[in-house]
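Peer 1: For reference, the chains in residue letters:
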Amino acid sequence: MSEILPKNNIFKVIGASSLGTLIEWYDFYIFGSLAVIIGHQLFPADAGASALINTLAIFAAGFIVRPFGALVFGRLGDLIGRKYTFLLTLVLMGGSTFLIGLIPSYKTIGYAAPILVLILRLIQGLALGGEYGGAATYVAEHAPKNRRGFFTSWIQTTATLGLFLSLGIIVITKNILGAETFSDWGWRVPFLLSIVLVGVSIYIRMKMHESPMFTKLKLEGKVSKNPLKDSFNNKANFKMVLLALFGATMGQGVIWYTGQFYAQSFLENTCKLDFNDSRYILLWGIAFATPFFVVFGAWSDKVGRKWIMLTGMLLGIIFYRPIYKTFLNDTSEENFAKNELFSSSQGFAVITPLANQVDSLRSLETKILFTNGSGYTKVQIDTISASRGILSAPGTLKDKILPKPVFWKFVGLIFFQILLVTMVYGPIAAFLVELFPTKIRYTSMSLPYHIGNGVFGGLVPFIATLMASFEGATPLSGLWYPIGIAALSLVIGTIYLSNKKDESIND
Amino acid sequence: MKASMINYIKKILGLGWMALGPIAMIFLFIQAVDKVGLAHSEIEKTNTILQWGIILFIFFPISIGLMIFGFYAWKGEYEQSPEVSENNEL
Numbered sequence: 001m002s003e004i005l006p007k008n009n010i011f012k013v014i015g016a017s018s019l020g021t022l023i024e025w026y027d028f029y030i031f032g033s034l035a036v037i038i039g040h041q042l043f044p045a046d047a048g049a050s051a052l053i054n055t056l057a058i059f060a061a062g063f064i065v066r067p068f069g070a071l072v073f074g075r076l077g078d079l080i081g082r083k084y085t086f087l088l089t090l091v092l093m094g095g096s097t098f099l100i101g102l103i104p105s106y107k108t109i110g111y112a113a114p115i116l117v118l119i120l121r122l123i124q125g126l127a128l129g130g131e132y133g134g135a136a137t138y139v140a141e142h143a144p145k146n147r148r149g150f151f152t153s154w155i156q157t158t159a160t161l162g163l164f165l166s167l168g169i170i171v172i173t174k175n176i177l178g179a180e181t182f183s184d185w186g187w188r189v190p191f192l193l194s195i196v197l198v199g200v201s202i203y204i205r206m207k208m209h210e211s212p213m214f215t216k217l218k219l220e221g222k223v224s225k226n227p228l229k230d231s232f233n234n235k236a237n238f239k240m241v242l243l244a245l246f247g248a249t250m251g252q253g254v255i256w257y258t259g260q261f262y263a264q265s266f267l268e269n270t271c272k273l274d275f276n277d278s279r280y281i282l283l284w285g286i287a288f289a290t291p292f293f294v295v296f297g298a299w300s301d302k303v304g305r306k307w308i309m310l311t312g313m314l315l316g317i318i319f320y321r322p323i324y325k326t327f328l329n330d331t332s333e334e335n336f337a338k339n340e341l342f343s344s345s346q347g348f349a350v351i352t353p354l355a356n357q358v359d360s361l362r363s364l365e366t367k368i369l370f371t372n373g374s375g376y377t378k379v380q381i382d383t384i385s386a387s388r389g390i391l392s393a394p395g396t397l398k399d400k401i402l403p404k405p406v407f408w409k410f411v412g413l414i415f416f417q418i419l420l421v422t423m424v425y426g427p428i429a430a431f432l433v434e435l436f437p438t439k440i441r442y443t444s445m446s447l448p449y450h451i452g453n454g455v456f457g458g459l460v461p462f463i464a465t466l467m468a469s470f471e472g473a474t475p476l477s478g479l480w481y482p483i484g485i486a487a488l489s490l491v492i493g494t495i496y497l498s499n500k501k502d503e504s505i506n507d
Numbered sequence: 001m002k003a004s005m006i007n008y009i010k011k012i013l014g015l016g017w018m019a020l021g022p023i024a025m026i027f028l029f030i031q032a033v034d035k036v037g038l039a040h041s042e043i044e045k046t047n048t049i050l051q052w053g054i055i056l057f058i059f060f061p062i063s064i065g066l067m068i069f070g071f072y073a074w075k076g077e078y079e080q081s082p083e084v085s086e087n088n089e090l
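Chains as they are written, first to last, in our numbering: chain A, 1 to 507; chain B, 1 to 90.
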């Protein structure tokens with residue numbers, strides 16, 4: 001059946017499935033990419049760092065409900081078919097993304113703003129929980145048996161391309177509108193734009209046919225009557241769900257979200273890079289690394305899935321700390337001071353009275369540029385005390401622009417991290433599809449995938465940022481979370497996973 | 001390495017996974033109490049309770065899953081992986 005599908009048809013199947021999945025990832029990621037700005041819009045102006053952590057918590061909430069989406073829509077997919085289920089998830093995702101773009105700010109409706117965004121974010125998470133498993137299953141069930149890794153790896157590129165698209169649209173919108181307008185209302189544009197993208201994708205998906213394996217199963221009357229019970233109440237299958245989670249998807253999730261999300265958050269919030277610079281670095285890294293999803297997917301058809309995925313985890317465990325230490329060192333004030341000064345311009349001092357009405361804070365920004373094009377803004381905040389005079393605190397740097405060689409060095413380091421993502425993520429759709437039988441495949445593969453990625457992976461920015469904020473922690477302390485989880489998954493995967501390739505998934 | 005040796009390691013490590021589930025939860029609970037205690041203001045306390053509440057709520061069922069995985073490993077359920085996925089079926 002799937003073996004005789006002409007080559008141009010399989011690419012039509014991949015194209016139609018991938019476009020929708022890509023748009024769902026785009027919808028899901030714009031929230032994370034705009035976390036700092038959204039935090040200012042949703043919470044009180046004096047919330048400070050907790051606004052970012054709470055926004056990341058809302059971002060994480062979308063990930064946490066993904067396993068529930070996997071159960072709800074996975075069950076539907078095994079009952080009524082793959083095609084209609086992932087049409088439904090697309091509509092839910094597009095609608096909720098569009099509505100996030102319309103939510104008034106905290107200034108207008110108070111705490112109703114973060115609550116409404118949280119609800120919409122939960123719907124986004126549920127929809128994504130149903131989408132991916134359907135798309136991966138759909139493509140795998142069309143693919144020839146000896147090239148499943150290659151064909152499903154195209155679906156795997158969509159997550160990273162969705163991030164690429166979201167970053168690109170954000171940067172373009174910001175450059176057109178200007179930084180101030182973008183922070184004020186322009187951040188809504190990428191959310192509102194989603195409705196157009198989703199409309200196009202729905203049109204394409206409406207023309208798709210049901211998966212041949214599911215159709216065959218339906219004609220033979222072998223469709224599962226209760227996919228949840230068959231998946232999780234059956235020890236032989238449930239033990240494979242647990243193995244997939246702890247031996248593969250858990251480690252894969254943290255490697256993925258460290259390389260793509262924590263890296264961006266770290267460059268922007270810890271290293272204090274300029275908004276555009278941090279995004280350009282990620283965009284280049286993604287552009288160079290994305291083809292490797294297909295390379296590793298195809299390679300896994302020849303050598304098996306296991307060792308490619310586990311090698312990606314091992315390299316992450318070894319190299320994360322040196323990479324992030326380099327990020328910190330190369331963006332330090334001492335490192336910038338090695339450059340030749342071009343200009344230094346001071347802005348106006350801003351005086352803010354303190355609550356005691358006697359003392360006040362004086363904030364002064366100085367823009368420093370170097371001859372090699374790099375620069376930063378130094379923020380000096382002094383306390384003007386009526387009784388003790390002027391108390392100076394050490395200045396902080398922000399909006400750092402890197403010298404070109406350092407910029408490309410950072411692109412290389414991000415590229416390497418995303419290369420690890422392609423190793424763990426490229427072969428995993430084929431790995432999961434081959435682990436479970438057709439009649440409960442959608443449900444069974446979706447749950448471990450979304451716990452691994454949604455919960456373990458999605459929580460990386462939130463938990464790592466939280467860990468780095470503990471008393472006595474260093475900026476690198478947050479990395480112990482992805483390193484620890486990846487190490488646990490590596491041990492379990494090495495010992496318990498087999499390197500088999502299931503030749504036939506037509507069961 | 002011999003298959004019997006690998007199976008023995010799989011079984012023994014199963015005890016470790018069974019223990020790791022509750023140990024991880026106790027560690028997280030102690031951390032949560034510690035961090036909530038360190039909060040200075042009322043709003044900071046509310047935020048910390050919310051953040052750690054989320055973490056405990058999420059990782060509790062996963063730690064149970066790890067215990068079940070350990071139990072299966074200890075019982076020898078992973079000694080031989082099925083060669084084709086249809087063997088997972090009832």
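Hints in this document: simulated from the structure, not taken from any laboratory.
A portion of the hints provided could be inaccurate.
[Unchecked claim] Short, incomplete list of chain A residues facing chain B, as computed with Cβ under 8 Å:
(1) 57
(2) 64
(3) 243
(4) 314
(5) 317
(6) 388
(7) 466
(8) 471
(9) 494
[Unchecked claim] Computed spacing ranges between beta-carbons, pair by pair:
(10) B:41 x A:347: 28 to 36 Å
(11) A:118 x B:7: 18 to 26 Å
(12) B:23 x A:387: 46 to 54 Å
(13) B:53 x A:196: 35 to 43 Å
(14) B:79 x A:229: 24 to 32 Å
(15) B:19 x A:288: 52 to 60 Å
[Stated by the list, open to error] Dumping the calculated BS3-like pairs for lysine-lysine here, alpha-carbon to alpha-carbon at most 30 Å:
(16) B:75 x A:107
(17) B:11 x A:229
(18) A:272 x A:378
(19) B:75 x A:235
(20) A:306 x B:45
(21) A:306 x B:35
(22) A:216 x A:145
(23) A:325 x A:302
(24) B:10 x A:235
(25) A:216 x A:83
Cβ coordinates follow ideal geometry from the N, Cα and C atoms, glycine included.
Peer 1: The structure should be examined with respect to each hint, and the outcome stated for every one.
Peer 2: How the hints compare with the structure:
1. Taking 8 Å as the C-beta contact cut-off toward chain B, the hint placing residue 57 (chain A) at the interface holds, the least distance being around 6 Å.
2. Against a cut-off of 8 Å between C-beta atoms, the interface hint on residue 64 (chain A) holds, since the closest Cβ of chain B lies about 6 Å away.
3. For residue 243 (chain A), the suggested interface contact is upheld, since its CB lies about 7 Å from the closest CB of chain B, less than 8 Å.
4. With a least beta-carbon distance of about 18 Å to chain B, the hint placing residue 314 (chain A) at the interface is violated under the 8 Å criterion.
5. With a cut of 8 Å, the hint placing residue 317 (chain A) at the interface with chain B is violated, because the nearest CB-to-CB distance is about 18 Å.
6. The restraint placing residue 388 (chain A) at the interface with chain B is violated, with a minimum CB-CB distance near 23 Å, outside the 8 Å limit.
7. The interface hint given for residue 466 (chain A) is met, as the beta carbon of that residue sits about 6 Å from the closest beta carbon of chain B, less than 8 Å.
8. Hint status for residue 471 (chain A) relative to chain B: holds, with the closest Cβ pair at about 7 Å, below 8 Å.
9. Checking residue 494 (chain A) against chain B by beta carbon gives a least distance of about 10 Å; that is not within 8 Å, so the hint is violated.
10. In this structure the supplied range 28 to 36 Å holds for residue 41 (chain B) paired with residue 347 (chain A), their Cβ-Cβ distance being about 31 Å.
11. One distance hint, 18 to 26 Å for the beta-carbon pair residue 118 (chain A) and residue 7 (chain B), is violated here, with the actual separation near 47 Å.
12. For the hinted restraint 46 to 54 Å between residue 23 (chain B) and residue 387 (chain A), the CB-CB distance of approximately 52 Å keeps it satisfied.
13. Distance hint check: the CB atoms of residue 53 (chain B) and residue 196 (chain A) are about 38 Å apart, consistent with the given range 35 to 43 Å.
14. The hinted range of 24 to 32 Å is satisfied by residue 79 (chain B) and residue 229 (chain A), whose Cβ atoms lie roughly 26 Å apart.
15. Judged by the Cβ atoms, the range 52 to 60 Å given for residue 19 (chain B) and residue 288 (chain A) is violated: they are separated by roughly 43 Å.
16. With a C-alpha separation of about 58 Å, the suggested pair residue 75 (chain B) and residue 107 (chain A) falls outside the 30 Å cut-off, and the hint is violated.
17. The hinted pair formed by residue 11 (chain B) and residue 229 (chain A) meets the criterion: a straight-line CA distance of about 27 Å does not exceed 30 Å.
18. Between the alpha carbons of residue 272 (chain A) and residue 378 (chain A) the distance comes to roughly 11 Å, so the proposed pair stays at or under 30 Å and holds.
19. Between residue 75 (chain B) and residue 235 (chain A) the CA atoms are separated by roughly 12 Å; this keeps the pair inside 30 Å, and the hint holds.
20. At roughly 44 Å between alpha-carbon atoms, residue 306 (chain A) and residue 45 (chain B) are farther apart than 30 Å, so this suggested pair is violated.
21. Proximity of residue 306 (chain A) to residue 35 (chain B) is assessed by CA-CA distance (about 39 Å); at most 30 Å being required, the pair is judged violated.
22. A distance of roughly 17 Å separates the Cα atoms of residue 216 (chain A) and residue 145 (chain A); the hinted pair therefore holds under the 30 Å criterion.
23. Between residue 325 (chain A) and residue 302 (chain A) the alpha-carbon distance is near 36 Å, which puts this suggested pair outside the 30 Å criterion.
24. This hinted pair checks out: residue 10 (chain B) and residue 235 (chain A) have alpha carbons roughly 18 Å apart, not beyond 30 Å.
25. A C-alpha spacing of about 14 Å is found between residue 216 (chain A) and residue 83 (chain A), which places the hinted pair at or below 30 Å, so the restraint holds.
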